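Novice: Each chain, letter by letter, is given below.
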Amino acid sequence: MKETHEKLQKGILKPSENLELKIKKIEENEGKIHAFINIYLEEARKRAEELDKKEKKGKLYGLVIAVKDNIAVKGMKMTCASKMLENYLPPYNASVIEKIIEEDGIIIGKTNMDEFACGSDTTHSAFQTTRNPTDLNKVPGGSSGGSAAAVKAGFCDLALGSDTGGSIRCPASFCKTFGFKPSYGSISRYGLADMAMSLDQIGVFSEDVYGIQLLFNIIKGDDARDAVTTTQKQSTTKNKVAIVKEFFENCDKKIEESVREKIKKLNAEEISIPSLKYALPTYYLLVYSEFASTMQKYDGLKYGSKGKPGDLTETVSSARSENFGLEVKRRILLGTYITSKDYREAWYVTTLKARSAIKSEIEEKLKEYDYLLGPTMPMEAWNIGEKGEPTQMYAADILTVPINIAGLSAISIPLKNGGLQVIASQGDDDKLLKFAEGLEK
Amino acid sequence: MKTIIGLEIHVQLRTESKLFCNCKTNYLKAQTNENTCVVCTAHPGSKPYFINEKAIKNAVKIAAALNCEINEEIIMQRKHYFYPDLPNGFQRTSKPLGVNGTLEGVTIREVHVEEDPGRYDLKTGKTDYNRCGIPLIEIVTEPEIKDSEHAKKFLEELQLILAYLEVSREEPGSSRVDANLSIEGHPRIEVKNINSFKGVYTALEYEERRQKKLIQENTPYGQETRHFDEEKGTTTSMRKKETLEDYRYSPDPDVPPIAIEKNTEIPELPKPKRERMEKQYALTKEDAETITSEKKMADAFEKIAGHSNAKELAKLFKGILKKQLNYRGIKYQEKLTPEIEWIAKNLEQNKITEKSAEAILIEAIDGGKSAENYAKEQNLLGVETNIQGLIEKTIKENPKAVEDYKKGEEKALNYLIGKIMKETKGKADKKTILKTLEEKI
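One line per chain: the protein sequences are A and B, in this order. So in our numbering, spot 36 of the first sequence is number 36, and the numbers just go up one at a time. So in our numbering, spot 33 of the second sequence is number 33, and the numbers just go up one at a time.
Please keep in mind that the hints were generated in silico from the structure rather than gathered at the bench. Because the structure is a prediction, the values reported are computed rather than measured. Careful, some of the hints might be misleading.
[Claimed, not checked] Cross-link-like lysine to any residue pairs, in silico, SDA-like; alpha carbons within 20 Å at most: (1) A:K77 - A:T237; (2) A:K387 - A:K14; (3) B:K295 - B:N398; (4) A:K302 - B:A282; (5) A:K341 - B:E245; (6) A:K233 - B:P256; (7) B:K345 - B:E205; (8) B:K303 - B:Y327; (9) B:K126 - A:E322; (10) B:K123 - B:E156; (11) B:K322 - B:I266; (12) A:K302 - B:K57; (13) B:K123 - A:I263; (14) A:K14 - A:E42; (15) B:K79 - A:Y343; (16) B:K126 - A:K14; (17) B:K57 - A:K306; (18) A:K302 - B:K303; (19) A:K353 - B:V38; (20) B:K315 - B:E377; (21) A:K302 - B:E72; (22) B:K192 - B:N180; (23) A:K306 - B:Y81; (24) B:K79 - A:W347; (25) A:K441 - A:P309; (26) A:K353 - B:G89; (27) A:K306 - B:G89; (28) A:K308 - B:P84; (29) A:K306 - B:D85; (30) A:K359 - B:K79.
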C-alpha cells in the first residue's frame, strides 16, 4: 500500500492506471469472493480520469477505496445488506466520505456485511455470502467481511468498515490483514447506519499500518454533525505493556503461541482483569437495546417493500417481518423485551452498571500500561455454514467487545496464526498506530 | 363535588433552527417538506447535530420564571412509538430540566424539552415534516387546578410570562394542551390536543358540566381519552380505558448530557412588575394590570412616566391606547412611544384636548403621520387657548340664548355649546366649554 501511495504522489502511477490494476483483480476474483454488494466501475473510471488531469494532488490522490455498505455515499445505494434498504439511495455523503473525496480518493463500491452489522462472519447478508480470500471455504469474519476481503484480495488500496464489537478486527484477523478500530468519538459517525450507537465506530482496513495511518489522519476529528465526537487527548508514555491473562482462556493454542512469540521482546507483564467475564453478556444486552431503538425507523412506510394494508400495527409488523433477516429480528425482539417497563430494571439498568464497572477496571489498568496485548480472535476463521447457533457466533466476540464497551482504541495485526490485538486508552490512537508500526516488521 | 384538573402544556420555543439540525423553523410559511434534511427525516446513518443551545437557554428561562428548581444537566431520552409523523420511530424528549415550580397556586411538577413531530394528514395519508424537530417545552402541572376559571387564570398568567420572556413562538398552533379533569372520586378523563389556551377553558367547562351531569344522573363512566372539537366547543370519545403504553424510555446514546448554565437571567416578570408599578406610580390595580399586559407597553409607560404625571398617563394608556390596540387586535409597538410622549406632554399643558389626543394616537397607530405633524396639520394645537375668546364671542353674538339660559332654559345652553363646537369643528372639549360658559354667563 505504501508503495502505491508513493508512486501516485510522485506521478509514476496515474489514478486511472491504479484503478485498472484493481479492476483487473476484481474481474478475476470477485466472482469467487463476493466482497461487494454494488460496484461502481463507470463512476470510478470517470473520477480517475478527472484525477489524472489534476495538478495539485490530495493526500489520498488516486487511491482506490472500498466502503462498507452501511456508510452513506451520495449516489451509491446503501443497503446495509438488508432487503429493507435494497433500493435506498442516500441523498448525502457521510462525513468520512466528504473528507475522502476532498483528498482525491476514488470510491469503487460498497462492500458486503452482515445485515445491519448483526453478525461476526458476513454470512448474514440478505444478498450473498462473502468468502475469505485466504481460503475460499472459510468465512471472512464480520460484520465488515466484505471490506476485509476486498483489501486482502487487492480489489482496493484501503477500505472503510465499522466496528461495534469487533466488526473490523475480527475480519482483519480472519483475512490476515490490518484492521483498526479507533477510540469512540475520534471519527464522526455521521452517515454510518446505526447498530449500537454508544459502541459504533468507523475504522480502516489496510495491508499495512502506513495505509491505516494515512486514512485515519484524514477522516479523524470533531464533527458538529455527530455530538459524540470530541477532541481527544493523548496520554503520556509509561513504557510499559501488559498481556491480559483472561484473553488466553479458551484461545486456540497455535494462536496463543503466535501471539507470545510476536511480543516476547516487549517484556510484557501478565495482568488480570476479572470483570472481563461480564463483557460478553454486557455487550450483547447493550447492543440489543440500542439496536431495537434505532431500528424503529424501519416501519415499512418509507423503506422496504410495503407492509400489508390494515391498521398501523399490522402494516408495520408485516413490513418488518418481510424485510428483516432472522438475526436482525432476534436482536430487535430481545432489545424490546429487555427495555420494556417490566424488565428494564432487571436487565437494562443492570447492564449499564456492568458496563461502567468493566470500563473503569480496564481504564485503571491503562493508567499503568501503555498497551494491553492479546489475541484478536480466540480462533481462526471457521468454515462457511459451520456456526449455526447464534450463541456460538456470539462467543467468538469475547476478546473484541471489551474495547467497545470501554470506548478504547485497538488494532489487529496479522500473525502466522490468528491476529495480535493491541489495545490503548481512548484518545491514544496516533500513539497506538506508531507502536503498531514498530510491531509490523 | 370537587373538580381536579391537571395540565400538560406544549409550547414551541422560539429558535431560528430545529433542535438537532440546521433546518429553519418557519414551518407555517414554508412549502411542504421544504424545511427538512436527512437528520429531521431520520435517514439511515444521519445523526442528531449538537443540540440547539438557544432552545435549551429558552427552556431554562421558562423553568426559572416558573420558580422551578433547575437540574444540573439535560439528559435526552428516546420515547418509542410508531406513527407516520415520527420518522425515527421515537421522539427525543429530555428528562426534567426543572421541577417543583409554582404559578397561580398550582405546583409545576416538571418542565422538559422535546422535539415536535411532523404533521400527518389522516385524509390524504401524507406527512409534512417541516414541523418535525422544532423544539418544544412541555410544562406539566400537578392536578391542583380547581376549575375552568382557575385554569383560565393560570394559562393567562403563563401566556403573559411567556410573552415577557420572548422565548416562545406565538403563531396559531404553537401551543397545545392536554388536560386531565376528574370529579373527586370519579374516573379521570383526558382531553388531548387542544390547540389554543382559549380552547382549554371551553373544553374544561364542557367536561366539568358533562361529568357532573353523568354523576347526577347516576350514569357510570370509565377512564377515557377524549378529543376536543374546537368548532363545536365539545369533546368526543377517542379511546376508552387507557392501557398504559410502554414507551421504553432510554437515554439517547447520540446526545451526550449537556450541563445547564447556572444563574439564568430573566426579566422582571408580570406579577412583581404589576405590584411594583402599582406602588411606585400610585396606580389602581386595574391600571397596573392593563399597563403590564404587555412588556413593551409597560416599558413605554415607565419611560414616559419619568417626566410626566403618571396618573394622567395611566388614563391615556388604559382609556385610549389599550382600547385602540384591542380594537385592532394588535400589540404595542415601540414606535408609538415618542408619539405618546408628545401627546402626554401636550395634554398636560392643555395644548390639546382628550378628544384630539385620541385622534392623534389613532393616526399614529394606523401608521400615519407623527403626532406633532398630524396635530399641526389638523389644527388641533392651541384649541384650549383660543377657546376662551370663542366662548366670549359666542356669548356676545347670542344674547337671546344667554337670556333664556339665565331664565332657566337648559336647552339654550346646549344651543350655545353646539355653536362653539361647530366653530371648532368638534375639536374642543365639551366639558371645558361647559365649565367656561357657566363661569362667564
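Novice: Would you mind marking each hint as holding or not holding in the structure?
Specialist: Status of the hints after comparison with the structure:
This hinted pair does not check out: A:K77 and A:T237 have alpha carbons roughly 44 Å apart, beyond 20 Å. Using a Cα cut-off of 20 Å, the hinted pair A:K387 and A:K14 is violated, with the two alpha carbons roughly 44 Å apart. Under the criterion of a C-alpha separation no larger than 20 Å, the hint pairing B:K295 with B:N398 is inconsistent with the structure, at around 53 Å. Under the criterion of a C-alpha separation no larger than 20 Å, the hint pairing A:K302 with B:A282 is inconsistent with the structure, at around 64 Å.
About 10 Å separates the Cα atoms of A:K341 and B:E245, which keeps this hinted pair within 20 Å; it holds. Only pairs whose Cα atoms come within 20 Å are accepted, and A:K233 paired with B:P256 is accepted, the gap being roughly 18 Å. Restraint check for B:K345 and B:E205: the C-alpha separation of about 47 Å exceeds 20 Å, so the hint is violated. Among the hinted pairs, B:K303 with B:Y327 is inconsistent with the structure: their alpha-carbon atoms are about 24 Å apart, more than 20 Å.
In summary, the hint linking B:K126 to A:E322 is not supported, as the alpha carbons are separated by about 24 Å, beyond the 20 Å threshold. For the suggested pair B:K123 and B:E156, the alpha carbons sit about 34 Å apart, so the restraint of at most 20 Å is broken. Taking the CA atoms of B:K322 and B:I266, the gap is about 26 Å. The hint is violated against a cut of 20 Å. About 34 Å separates the Cα atoms of A:K302 and B:K57, which puts this hinted pair outside 20 Å; it is violated.
This hinted pair does not check out: B:K123 and A:I263 have alpha carbons roughly 69 Å apart, beyond 20 Å. Distance check on the hinted pair: A:K14 and A:E42 sit about 17 Å apart at the alpha-carbon level, within 20 Å; holds. Restraint check: the Cα-Cα separation between B:K79 and A:Y343 comes to about 17 Å, which is no more than 20 Å; the hinted pair holds. Simply put, B:K126 and A:K14 have alpha-carbon atoms about 51 Å apart, too far for the 20 Å limit, and the pair is violated.
A distance of roughly 42 Å separates the Cα atoms of B:K57 and A:K306; the hinted pair therefore is violated under the 20 Å criterion. Of the pairs offered as hints, the one joining A:K302 and B:K303 is violated, with about 57 Å between alpha carbons and a cut-off of 20 Å exceeded. Under the criterion of a C-alpha separation no larger than 20 Å, the hint pairing A:K353 with B:V38 is inconsistent with the structure, at around 34 Å. Only pairs whose Cα atoms come within 20 Å are accepted, and B:K315 paired with B:E377 is rejected, the gap being roughly 26 Å.
Of the pairs offered as hints, the one joining A:K302 and B:E72 is violated, with about 38 Å between alpha carbons and a cut-off of 20 Å exceeded. For the hint pairing B:K192 with B:N180, the CA-to-CA distance comes to about 9 Å; that is within 20 Å, so the pair holds. At roughly 19 Å between alpha-carbon atoms, A:K306 and B:Y81 fall within 20 Å of each other, so this suggested pair holds. Between B:K79 and A:W347, the direct Cα distance comes to roughly 18 Å. Compliance with the 20 Å bound is thereby established for this hinted pair.
For the hint pairing A:K441 with A:P309, the CA-to-CA distance comes to about 62 Å; that exceeds 20 Å, so the pair is violated. Taking the CA atoms of A:K353 and B:G89, the gap is about 27 Å. The hint is violated against a cut of 20 Å. Straight-line distance between C-alpha atoms of A:K306 and B:G89 comes to about 16 Å, which keeps the hinted pair within the 20 Å bound. Between the alpha carbons of A:K308 and B:P84 the distance comes to roughly 16 Å, so the proposed pair stays at or under 20 Å and holds.
At most 20 Å may separate the alpha-carbon atoms for a hinted pair to count; A:K306 and B:D85 meet this at roughly 17 Å. Only pairs whose Cα atoms come within 20 Å are accepted, and A:K359 paired with B:K79 is rejected, the gap being roughly 27 Å.
Violated hints, listed in ascending order, are 1, 2, 3, 4, 7, 8, 9, 10, 11, 12, 13, 16, 17, 18, 19, 20, 21, 25, 26, 30; each of the other numbered hints is respected by the structure.
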